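**Q** Sequence:
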Amino acid sequence: MKIYNPPRTNLQASNVILGLMRISELGDEEIRTLVGTARDAGINFFDHADIYGGAHGCEKRFGDAVTFTDAERESVIIQSKVGIRQGFFDFSREHILRSVDESLAALNLDYLDILLLHRPDTLVEPEEVASAFDALHAAGKVRNFGVSNQTPGVIELLKRSVNQPLAFNQVQLSITHAPLISQGVAANMAGLEQSVVRDNGLLEYSRLNDITLQAWSPFQSGSFDGVFVGDREHYGPLNDALEEIAAAHGVTPTGIAVAWITRHPANIQVVLGTTKPARVVESAAGSDIPLSREEWYRLFTAAGHALP
Numbered sequence: 001m002k003i004y005n006p007p008r009t010n011l012q013a014s015n016v017i018l019g020l021m022r023i024s025e026l027g028d029e030e031i032r033t034l035v036g037t038a039r040d041a042g043i044n045f046f047d048h049a050d051i052y053g054g055a056h057g058c059e060k061r062f063g064d065a066v067t068f069t070d071a072e073r074e075s076v077i078i079q080s081k082v083g084i085r086q087g088f089f090d091f092s093r094e095h096i097l098r099s100v101d102e103s104l105a106a107l108n109l110d111y112l113d114i115l116l117l118h119r120p121d122t123l124v125e126p127e128e129v130a131s132a133f134d135a136l137h138a139a140g141k142v143r144n145f146g147v148s149n150q151t152p153g154v155i156e157l158l159k160r161s162v163n164q165p166l167a168f169n170q171v172q173l174s175i176t177h178a179p180l181i182s183q184g185v186a187a188n189m190a191g192l193e194q195s196v197v198r199d200n201g202l203l204e205y206s207r208l209n210d211i212t213l214q215a216w217s218p219f220q221s222g223s224f225d226g227v228f229v230g231d232r233e234h235y236g237p238l239n240d241a242l243e244e245i246a247a248a249h250g251v252t253p254t255g256i257a258v259a260w261i262t263r264h265p266a267n268i269q270v271v272l273g274t275t276k277p278a279r280v281v282e283s284a285a286g287s288d289i290p291l292s293r294e295e296w297y298r299l300f301t302a303a304g305h306a307l308p
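Note that full-length UniProt numbering has the sequence shown beginning at 1, numbered continuously upward.
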């Protein structure tokens with residue numbers, strides 16, 4: 001497992017993250033097994049959001065099932081998100097402060113290592129966000145901050161007021177859902193759908209500004225189109241490439257799907273959404289596989305992306 005220091009933080013973080021959005025129906029022992037398997041695989045980073053499993057539902061399941069000693073707490077990274085409410089987005093000071101307090105109570109923790117602003121609130125008042133972040137940081141309730149699913153323009157708007165570094169941005173990315181990467185490869189190609197700019201150069205902006213990207217849905221075909229690993233009906237050539245490259249590196253295709261993301265020099269983290277311990281182990285094996293350029297681009301083109 002690759003452990004590194006994300007820029008503008010003092011964290012030592014695994015580049016594979018266990019996401020807990022699907023644990024609401026698991027029993028305590030199942031949650032402990034899932035978390036323990038992740039820890040044994042070298043994962044020290046756990047991702048939550050206030051809306052997962054209903055209002056703080058998954059956070060509470062985690063807090064009820066998992067107890068950390070003081071030493072264990074210092075060795076893990078707990079991240080949560082705020083801002084999505086029923087039917088609207090809300091980055092108001094009042095909501096941020098209230099939701100963080102509720103997250104900490106549900107998780108049975110004194111502080112979050114990272115808080116992300118979830119989907120962008122177009123009615124955001126940056127001064128309110130700054131006030132909330134200052135209060136949370138001063139009180140020791142949140143140590144680091146970031147955003148999720150947000151563009152360079154939104155981040156720059158927030159940075160005008162926010163005092164703490166916005167060190168993370170969680171975005172959707174997989175081999176098959178990769179406009180973050182594929183647009184730049186096909187830049188300025190008229191008539192090619194791949195060349196359409198959808199995020200205002202977020203990848204390059206993040207590298208220039210030392211923002212760590214976190215890839216959610218790393219095995220999803222698209223936004224809501226199912227998993228591409230093993231889907232030979234729709235992704236036959238890609239699965240051929242995954243299997244051949246996996247055999248060469250002694251891992252499974254799932255591990256190679258992770259390695260395709262972690263190979264990028266932007267040091268992108270991979271957020272797993274599985275509740276299956278075996279899948280966690282397979283995924284963690286891809287943390288630090290040194291895919292060659294030939295292997296990386298083979299997967300890229302096998303997924304249907306163009307090299308002009």
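Honestly, the hints are just simulated from the structure, not real lab data.
Quick caveat, the model's predicted, so the values are computed rather than measured.
Glycine included, every Cβ here is placed at the ideal spot set by N, Cα and C.
A few of these clues could be false.
[Unchecked claim] What follows is a list of derived Cβ distance ranges for each label pair:
| no. | residue 1 | residue 2 | range |
| --- | --- | --- | --- |
| 1 | D240 | V281 | 21 to 29 Å |
| 2 | G304 | S24 | 33 to 41 Å |
| 3 | E193 | S75 | 39 to 47 Å |
| 4 | G304 | D40 | 18 to 26 Å |
| 5 | N188 | A139 | 42 to 50 Å |
| 6 | T122 | H234 | 52 to 60 Å |
| 7 | H234 | E125 | 37 to 45 Å |
| 8 | E29 | R207 | 20 to 28 Å |
[Said to hold, decoys possible] Think about it this way: if two alpha-carbon atoms lie no more than 25 Å apart in a straight line, the pair counts; the simulated SDA-like pairs of lysine to any residue are:
| no. | residue 1 | residue 2 |
| --- | --- | --- |
| 9 | K141 | H177 |
| 10 | K2 | L208 |
| 11 | K60 | R22 |
**Q** Confirm or reject each hint.
**A** Going through the hints against the structure:
1. D240 <-> V281: 21 to 29 Å: 24 Å, holds
2. G304 <-> S24: 33 to 41 Å: At 34 Å between Cβs, range holds.
3. E193 <-> S75: 39 to 47 Å: Holds: the Cβ-Cβ distance is about 45 Å, inside 39 to 47 Å.
4. G304 <-> D40: 18 to 26 Å: With a Cβ separation near 36 Å, G304 and D40 fall outside 18 to 26 Å, so the hint is violated.
5. N188 <-> A139: 42 to 50 Å: Between N188 and A139, where Cβ atoms are some 48 Å apart, the hint holds.
6. T122 <-> H234: 52 to 60 Å: 34 Å, violated
7. H234 <-> E125: 37 to 45 Å: The hint (37 to 45 Å, Cβ to Cβ) holds, given that H234 and E125 are roughly 44 Å apart.
8. E29 <-> R207: 20 to 28 Å: Cβ of E29 to Cβ of R207: about 42 Å, so the range 20 to 28 Å is violated.
9. K141 <-> H177: Status violated; Cα separation ~35 Å.
10. K2 <-> L208: Holds: K2 and L208 sit about 22 Å apart, inside 25 Å.
11. K60 <-> R22: 12 Å, holds
In this structure, the earlier hints numbered 4, 6, 8 and 9 are contradicted, and the remaining ones agree with it.
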